[in-house]
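Q: Residue numbers (our numbering), protein chains in the order written: chain A, 1241 to 1600; chain B, 21 to 617; chain C, -14 to 239.
Honestly, the hints are just simulated from the structure, not real lab data.
Incorrect hints may appear among the rest.
DSS-like mimics (lysine-lysine), calculated; alpha carbons at most 25 Å apart, straight line [to be verified]:
1) A:K1503 to B:K509
2) C:K234 to A:K1503
3) A:K1378 to B:K400
4) B:K517 to A:K1566
5) C:K50 to A:K1566
Only part of the chain A face toward chain C is listed, based on derived beta-carbon distances under 8 Å [what the hints assert, rightly or not]:
6) Q1469
7) A1583
8) V1585
Pulled from the structure, derived: some chain C residues nowhere near chain A, Cβ distances all over 12 Å [claimed, not checked]:
9) E9
10) E12
11) Y21
12) A25
13) F85
14) I88
15) Y89
16) V106
17) T107
18) I116
Just so we're clear, the structure is a prediction, and the values are computed from it rather than from any experiment.
Glycine included, C-beta positions come from ideal geometry on N, C-alpha and C.
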Amino acid sequence: MTQIETFYEVMRKQGITRRSFMKYCALTASALGLGPAFVPKIAHAMETKPRTPVIWVSGLECTCCSESFIRGAHPLAKDVVLSMISLDYNHTLMASAGHAAEAALEETIQKYKGNYILAVEGNPPLNEDGMFCIVGGKPFVEQLKHAAKDAKAIISWGACASYGCVQAAHPNPTRATPVHKVITDKPIIKVPGCPPIAEVMTGVITYMLTFDRLPELDRQGRPAMFYGQRIHDKCYRRPHFDAGQFVEHWDDDNARKGYCLYKMGCKGPTTYNACSTVRWNEGTSFPIQSGHGCIGCSEDGFWDQGSFYDRVTNLNVFGIEANADKLGMGAAGAVGGAIAVHAAVSALKRAQKKQEKVEG
Amino acid sequence: MGVTTPNGFTLDTAGKRVVVDPVCRIEGHMRCEVNVDEQGIIRNAVSTGTMWRGLEVILKGRDPRDAWAFTERICGVCTGTHALTSVRAVEDALGITIPDNANSIRNIMQLNLQIHDHIVHFYHLHALDWVNPVNALRADPKATSELQQMVSPNHPLSSPGYFRDVQNRLKSFVESGQLGIFKNGYWDNPAYLLPPEADLMATTHYLEALDLQKEVVKIHTIFGGKNPHPNWLVGGVPCPINVHSTGAVGAINIERLNLVSSIIDLCQTFIRDVYLPDVVAIGGFYKNWLYGGGLSGKSVLAYGDIPEHPNDFSAEQLHLPRGAIINGNLNEVHDVDVRDPEQVQEFVDHSWYEYGEPGKGLHPWDGETSPKFELGPNFKGTKTNIEQLDEAAKYSWIKAPRWKGHAMEVGPLARYVVGYAKGHEDIKNQVDGLLGTMGLPVSALFSTLGRTAARALESEYCGRLQKHFFDKLVANIKNGDESTANVAKWDPSTWPKEAKGVGMTEAPRGALGHWIKIKDGRIDNYQCVVPTTWNGSPRDTAGNIGAFEASLMNTKMERPEEPVEILRTLHSFDPCLACSTHVMSPDGQELTTVKVR
Amino acid sequence: MTDLHPPHLKAFEASVLTGDATAEDLETLKKQSSVYVYEAPVRVWHWVNALVITVLVVTGYLIGKPLPSMQIAEATHQFVMGYIRFAHFAAGMILTVGFFGRIYWAFVGNTHARQMFTLPVTNRRWWYELIYELRWYMFMVKEPKKYVGHNPMAHAAMFFFMTLGISFMMITGWALYAEGAGQGSLPDTAMGWLLGWIGNSQILHMLHRFGMWSIVIFVLIHVYAALREDIMSRQSTVSTMLSGHRTFKDDRPD
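Construct all of the structure, not just a fragment, from the sequences and the given hints.
A: Given below as structure tokens:
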């Protein structure tokens, strides 16, 4: 077996100087929002650890997670793949195919039992014996279970693996099922979003490599560092929300001034993600900055929360779609009408009674 | 002995069966089986889509204004193109016109996708079929530098030291014993023909392109807020323009425009100095490997895209050409009408679906889908462990769309063949120029390499178009038009009770159409016929084989157990399986046939 | 002429002397005709509750469907939505404190203070009375019965819309407030589990809004019924919630 190299060794062999190596560690630290005190810690981690093998499997998905991953700017996707992890199985990027690809998967599972990270993109469909998604002639769910058995931890990339996403939207014809409902005996880190932000994806991986532990997770199993707050909590348009200044129609004056998109159905107030802070594609922008409200793509079941353009959305209760305001206002109106009628009848009855009394 | 299909391919299943599953470096899940004779020549090909998500079933009953977001999630690689097709379909149904600026911005985004997709496809999904990164370790950095300066004198990253650094990095990577994505590649297969220097140069560009592509997509981020999966809007684009007054920083302003402009320049520079030269250089070594033509010289289809003016989809107003060529007759380009029930039809005789009336082809507006997973009598294995499929029966989650009964190839090469046949000036100049440079006849176009080359040429053309629409956008703003959305019919109460429409685009992989029916403000019926449904289609009722299958025919494999050649040709289509394997509910009818076990 | 000075009416001398009471009046007057039902804390709670619920409904509605945009000042100096939300949160906190105070009073106050927290569903008599009261509201009986506390229908409404309804609104409301307060905050520690359980905050928001409409419907019925009962039933209602005393309009026992 060839000796397994550490990050630092790999980087030095690439001709990277100690100085730039430390600079790189500093960048990683700042990317993770950590202070300078963490730089030596990161450096130490990278000097002593072999590259962690990552098996990246794909179920029902659209490959947006892989695409997002390669948009990573800090660290660069090429650095992650060449120097930080050993991406031993990934349909989108791997050179081999068919038997050779399956052999690569098997080798990694055998060689690194209990030490590899399983990254899951997409989810397994359970209907039709799982044959709505076939890998190597077998249902994907089998591959998932097989690869999960000896994994150290599982990363559920994106809304598909975390929650089910679009194929699991009502009526979920293939019974697409999120990973944590199929694999129940392994630590699972959900990194939701459709897709997740590139730097959040690489951030989660580098966190695990650097600190040699799983990130702190919130109640829904997401890394608290990136999913701890709502987009709304850190939105740069928040002052306009508090002021009550909203975009009233697409492309109106308020839209051009960058007012709050709340009335356009923005789901920023109900969506936990780092879009308003980390932003997208190297901080270039994020949906709200580009004039469209957040559609809530990192939330559980975001496809089934009514229109993306309503704030008061429909709720699916027992299979019946209902809108709080429409139903509530209708019911209140009906009750008000009933009261009016009842009051009128009451008055009439009372008058009759008085009449009877007088006559009686 | 063999059977000849109506579209002229002789299939012979006598030879050894080779199975490739999964086919990697594509979008989604795909399986391929071929029969190879004693000489290693492919005599029968079977392509299978191995996933099904049922998005159109999910779309039923939803707000048509939301449909773009659902359909966008059909594919994260050609991200945005489904969304654009969807908003076009809804606008067509409801008679919504979009402002000029919205047309320019949508075109810039769509062209940006073409460029990004083609670059990522060539370097990250396709290059490893031609380029051997392990062989690059044997290269002389100095000679590589000279090669680089020869093929592309303008590219600044060309010093011997630069290539030495990359080589060292590769070396330590390989020596680490953890080969990662290069693990189990077919690196000693004689099909790889490049000298080490060319391998090093191309591998270096693999890494450069990986850095570059994340810059390219920033145009999507500026106008759509993120990439993958930017945001779109029925009636225009969601990003407002404000270049003059207070609050301009909340919209598309001069800073944003400058960023767009710089990315457009970056795209053009990279395509000119790296992408095109690489295709010419690598292609030069594989000049004699002209397999993979398949249907490209016989039957090709393009819907056309990139309208010069908003709301005008007439063929002569489209920058990417529209038309169909059949029976290899390049002298006649047929017009395409996607509304005509006789033109686009889907067949399911060999797909895991069933129709009420077997053997019939259905137009998307009248489509039917009930999934029916069954394996033919001659398949080998078990239901959940398929060893070999029976292509005489149903064998794919992909339907078989046909144009007037013909199996068609779509994609960059199809667009270029149609454009060339129509005498499209830009396309003709590009094609003639490239063929001249390489000393190849027009017939060389109909090949795996032709597909790859067409993609590169198209990137260059799209780069210019991107600039054109950017200039148009700026000129329009200068003339005082800052409008980006038409909200007159935003409110569903303004819609007719029933409406139907169709949206078309040219996705990076080819002709894409969405058909929608709206009833009482909700989606009544939605269907997508996507590029990989055309290309990856199984056999139809008449026995015509699809474009993937046709392209693999008669290819010589160096080592049948190592599917380098199969991958090469399949990859040249840039397959997108998540796109192709869809389902459709028949006219307003709830899909209920999915078995829950 | 009636003797206005019988010995047993001596106590009402003032009324007799000023002549503002008839003999009939005095017959009624001599009887015990009021019961002290609602103690001061209950009454205070009722009116505070009425006020904060009004504020909560109005502001809550406007949080979901905000007012038209206003251009009073630069965003930093304008706080329209902020004040609306502040009023909502402040009222919600008063509602919570009040509700807990009311629970406390259920333990230390009189019997009537406990009525709204329980529903005597096992009592056949109660069901009979409920149906009787329902028939009164459907004009099927000529006269209602007398009740000291809530009549059975009011009792049921109080239990479902107030006891359970307000609890639901407080639980969902605090879970929503916990989102803004942030993970690790006291509201989050107390109520954050609910969002974790429901999964999507949008669902939580909409559940809270459904709750709002149910309270609105309750208020409509409650106010109407209170006024109607005041006029048409055999006991006081509106004034009872001011004085605490339930007075009765006749002396018939049932």
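Q: The structure should be examined with respect to each hint, and the outcome stated for every one.
A: Status of each hint after checking the structure:
Under the criterion of a C-alpha separation no larger than 25 Å, the hint pairing K1503 of chain A with K509 of chain B is consistent with the structure, at around 17 Å. With a C-alpha separation of about 54 Å, the suggested pairing of K234 of chain C with K1503 of chain A is violated against the 25 Å cut-off. Taking the CA atoms of K1378 of chain A and K400 of chain B, the gap is about 13 Å. The hint holds against a cut of 25 Å. With a C-alpha separation of about 21 Å, the suggested pair K517 of chain B and K1566 of chain A falls inside the 25 Å cut-off, and the hint holds.
Taking the CA atoms of K50 of chain C and K1566 of chain A, the gap is near 12 Å; set against the 25 Å cutoff, the hint holds. Among the interface hints, the one on Q1469 of chain A holds; its C-beta lies about 7 Å from the nearest C-beta in chain C, closer than the 8 Å criterion. A hinted interface residue such as A1583 of chain A counts as satisfied when its beta carbon comes closer than 8 Å to some beta carbon of chain C; here the least separation is about 7 Å, so the hint holds. Checking V1585 of chain A against chain C by beta carbon gives a least distance of about 6 Å; that is within 8 Å, so the hint holds.
Every Cβ of chain A is farther than 12 Å from the Cβ of E9 of chain C; the closest lies at roughly 15 Å, confirming the non-interface assignment. Residue-level check passed: E12 of chain C sits 19 Å from the nearest beta carbon of chain A, beyond 12 Å. The non-interface label for Y21 of chain C is consistent with chain A: the shortest C-beta to C-beta separation is roughly 29 Å, beyond 12 Å. For A25 of chain C, the shortest C-beta to C-beta distance to chain A comes to about 31 Å, beyond the 12 Å cut-off, and the non-interface label holds.
Annotated as non-interface, F85 of chain C keeps its C-beta farther than 12 Å from every C-beta of chain A; the closest such distance is 25 Å. Residue-level check passed: I88 of chain C sits 27 Å from the nearest beta carbon of chain A, beyond 12 Å. With a minimum CB-CB distance of about 31 Å to chain A, Y89 of chain C clears the 12 Å threshold, and the non-interface call stands. Chain A leaves V106 of chain C outside its interface by the beta-carbon criterion, the shortest separation being 24 Å against a cut-off of 12 Å.
The non-interface label for T107 of chain C is consistent with chain A: the shortest C-beta to C-beta separation is roughly 29 Å, beyond 12 Å. With a closest Cβ-Cβ approach of about 18 Å to chain A, I116 of chain C is found to remain outside the 12 Å limit, as its non-interface label requires.
Figure legend: structure checked against the earlier numbered hints; the only hint not met is number 2.
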